[in-house]
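J.: In the order they appear, the protein sequences are chains U and A. Just so you know, we're using our numbering here: the first sequence kicks off at 1 and counts up by one. Just so you know, we're using our numbering here: the second sequence kicks off at 1001 and counts up by one.
These are computed hints drawn from the structure, not numbers from a lab. The model shown is predicted, which means the values in this text are computed figures rather than measured ones. Treat the hints with care, as some may be off.
To be verified - Here are the simulated DSSO-like pairs of lysine-lysine, each with C-alpha atoms no more than 30 angstroms apart in a straight line:
1. LYS2/U / LYS1079/A
2. LYS1436/A / LYS1455/A
3. LYS92/U / LYS1079/A
4. LYS1340/A / LYS1442/A
5. LYS1400/A / LYS1460/A
6. LYS20/U / LYS1088/A
7. LYS1444/A / LYS1476/A
8. LYS9/U / LYS1088/A
9. LYS1455/A / LYS1442/A
10. LYS1303/A / LYS1171/A
11. LYS1171/A / LYS1214/A
12. LYS1436/A / LYS1422/A
13. LYS75/U / LYS92/U
14. LYS1386/A / LYS1444/A
15. LYS92/U / LYS1031/A
16. LYS1214/A / LYS75/U
17. LYS1340/A / LYS1400/A
18. LYS92/U / LYS1129/A
19. LYS1400/A / LYS75/U
20. LYS1458/A / LYS1400/A
21. LYS75/U / LYS1476/A
22. LYS1422/A / LYS92/U
23. LYS1079/A / LYS9/U
24. LYS1460/A / LYS92/U
25. LYS1079/A / LYS40/U
26. LYS75/U / LYS1129/A
27. LYS1170/A / LYS1303/A
28. LYS1079/A / LYS20/U
29. LYS1340/A / LYS1409/A
30. LYS1409/A / LYS1458/A
31. LYS1386/A / LYS1442/A
32. LYS1292/A / LYS1170/A
33. LYS1407/A / LYS1455/A
34. LYS1407/A / LYS1341/A
Next come the chains, spelled out residue by residue.
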Amino acid sequence: MKITIDQVKYVAGLARLELKPEEAEEMAGQLDRILSYVDKLNELDTSAVEPTTHAISITNAFRADERRESLARDKALANSPRQNGEAFVVPKII
Amino acid sequence: MEFETVIGLEVHAQLSTDTKIFCGCSTEFGKPANTNTCPLCLGLPGVLPVLNRKAVDYAVKMALATNCRINRTNIFARKNYFYPDLPKGYQISQFDLPIAEHGWVEIEVEGEVKRIGLTRIHLEEDAGKLIHDEREPLSYVDLNRTGTPLIEIVSEPDLRSGEEAAAYLKKLHAIVRYLDICDGNMQEGSFRCDANISLRPKGREEFGTRTELKNMNSFRNVQRAIEYEVRRQRDLLLDGGKVIQQTLLWDPDAGRTSPMRSKEEAHDYRYFPDPDLIPVEISEEWIEKAEKEQPELPDQRKKRFMEELELPAYDAVILTGDRELADYFEAGLGHYRDAKKLSNWIMTELIRELRDREMEITSCPVTPVNLARLLGLIEAGTISGKIAKTVFQEMLASGKDPDIVVKEKNLVQISDEGEILKLVREIVAANPEQVKQFKEGKSKVMGFFVGQLMKETKGKANPKMANQLFIEELNK
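When you get a sec, could you build the whole thing from the sequences and use the hints?
T.: Next up, the structure:
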């Protein structure tokens, strides 16, 4: 197995996910199978292929610097679990 | 042991576009909280960012002005972390292939010119603002600033003192102001900087452990904070201690740094190319067009002031360090041809008064044309240099033309020889003791005589004429 339980826990921590021990076990197996598949792809010789970051080959999609109407504040705050009519309210973090 | 200080700066400049980098919301500062937001900058699901072309234009201008190599292809990446001011859970930034790399700017410290390397310039989006509650354990999130375009300018670790760091920061500030791509307001946070500082024994190649300094919102604070941190690290090392790698906050009131509460886990941003944004190709034509549109930059203006106007380097550096100040100077120069005299007045009287009044040059009640006229009045002999300072005060207070102030306050210089001679004779006759001293070779007493005359004339006597007449009378 390439993926360790510790690696799963670390990644879950970064993603703020809480995993039960048996879930971590299951994830490790799944991630391992995904990486094995990538390894399979690695068997192909791609030394002559330019690396790309995107599947499509277009570039330069821009917008002009023109204003569009923003949301009304009550709409912007509407989906928040906690708000005070002006701002989103969150536990204090410094 | 002698140590060498090694400093690198990370400067963030908000680009002064009308709208955000990936959506059409306004970037205006000071609006009511959460009124400049939309589904995109709120990070709601299902939205797609579209890049503001002007932000790229501005970054290209900065890259050219700082001698960078522009990457013809550049891509945007996601920098992943959780913080309440970042609604998407990632910041769109650039990692591999930023817009520009390998540049430099020149700074001048104590008469020596030094080249400071720029590692890179990249485009990214700003985060929101958090306001912490004073009493309750709550924070309020305002996302108006979220998505405001930024360029981050990362320097090489080429700076060796707080003074050099401040000079470098001032140079970058002048450049963004000349290019007019950022309003440069440090108080409002449109232009801000973090510093990485470490010490190493002199002569050693490898760097010491560094600390990162934050919260320095003026040039002066940057220098003070760095100088404090250098002393702190040196004392620590000399006592056999170790510098801990950490982020420190500068407290300008207490004049010291203190550690920011560290987050438990190490940063692991897991950068990866943002699939929502396609690569940007910057063509030769794009760069050529930007080069053509490039305005005169601080260094070029400084050179011109020195070569064409024959100003000393000192004057040229100060005047051109602030674009508005240099504009003011040149506007005045159109109406008064002695560049050095105009420069002297701006650098002494004007700058001092502005500082005392905490006023910007752009809102100065004395227009450059009026300042030029005032100097014209001195040159024509209408008023003395001393009276000019009184007139200048009145101009600052009322914004009036110097001619009108001189007339209203009856300050025209007395240059009538007969009138002055009459007063000179009266003063000489009334002060035999001082006349005796003068004859005994105490030439200092001359100041007394001229002072008496100025008292009589309320400072309006032509001082050159007064001196001359006293000498003639006393030597009789």
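J.: All hints are to be evaluated individually against the structure, with a verdict given for each.
T.: Results of checking the hints against the structure:
1. LYS2/U / LYS1079/A: Status holds; Cα separation ~26 angstroms.
2. LYS1436/A / LYS1455/A: 22 angstroms, holds
3. LYS92/U / LYS1079/A: 23 angstroms, holds
4. LYS1340/A / LYS1442/A: Cα-Cα ~34 angstroms, so violated.
5. LYS1400/A / LYS1460/A: Given pair LYS1400/A, LYS1460/A holds - Cα atoms ~20 angstroms apart, limit 30 angstroms.
6. LYS20/U / LYS1088/A: 26 angstroms, holds
7. LYS1444/A / LYS1476/A: 18 angstroms, holds
8. LYS9/U / LYS1088/A: 22 angstroms, holds
9. LYS1455/A / LYS1442/A: At roughly 22 angstroms apart (the allowed maximum being 30 angstroms), LYS1442/A and LYS1455/A satisfy the hint.
10. LYS1303/A / LYS1171/A: This hinted pair holds, its Cα atoms lying about 15 angstroms apart.
11. LYS1171/A / LYS1214/A: Holds, at roughly 20 angstroms.
12. LYS1436/A / LYS1422/A: Answer holds: LYS1436/A to LYS1422/A is near 20 angstroms, not above 30 angstroms.
13. LYS75/U / LYS92/U: 24 angstroms, holds
14. LYS1386/A / LYS1444/A: This hinted pair holds, its Cα atoms lying about 20 angstroms apart.
15. LYS92/U / LYS1031/A: 23 angstroms, holds
16. LYS1214/A / LYS75/U: 35 angstroms, violated
17. LYS1340/A / LYS1400/A: 24 angstroms, holds
18. LYS92/U / LYS1129/A: Holds, because 13 angstroms separates the two Cα atoms, which is no more than 30 angstroms.
19. LYS1400/A / LYS75/U: 52 angstroms, violated
20. LYS1458/A / LYS1400/A: With Cα atoms ~22 angstroms apart, LYS1458/A and LYS1400/A stay inside 30 angstroms; holds.
21. LYS75/U / LYS1476/A: Roughly 93 angstroms separates the two Cα atoms, so the pair is violated.
22. LYS1422/A / LYS92/U: 81 angstroms, violated
23. LYS1079/A / LYS9/U: Holds - the C-alpha atoms of LYS9/U and LYS1079/A are around 20 angstroms apart, at most 30 angstroms.
24. LYS1460/A / LYS92/U: 66 angstroms, violated
25. LYS1079/A / LYS40/U: Distance ~28 angstroms between LYS1079/A and LYS40/U Cα, so the pair holds.
26. LYS75/U / LYS1129/A: 19 angstroms, holds
27. LYS1170/A / LYS1303/A: 17 angstroms, holds
28. LYS1079/A / LYS20/U: 27 angstroms, holds
29. LYS1340/A / LYS1409/A: 28 angstroms, holds
30. LYS1409/A / LYS1458/A: 11 angstroms, holds
31. LYS1386/A / LYS1442/A: Given pair LYS1386/A, LYS1442/A holds - Cα atoms ~25 angstroms apart, limit 30 angstroms.
32. LYS1292/A / LYS1170/A: 25 angstroms, holds
33. LYS1407/A / LYS1455/A: The hint holds at about 20 angstroms.
34. LYS1407/A / LYS1341/A: 24 angstroms, holds
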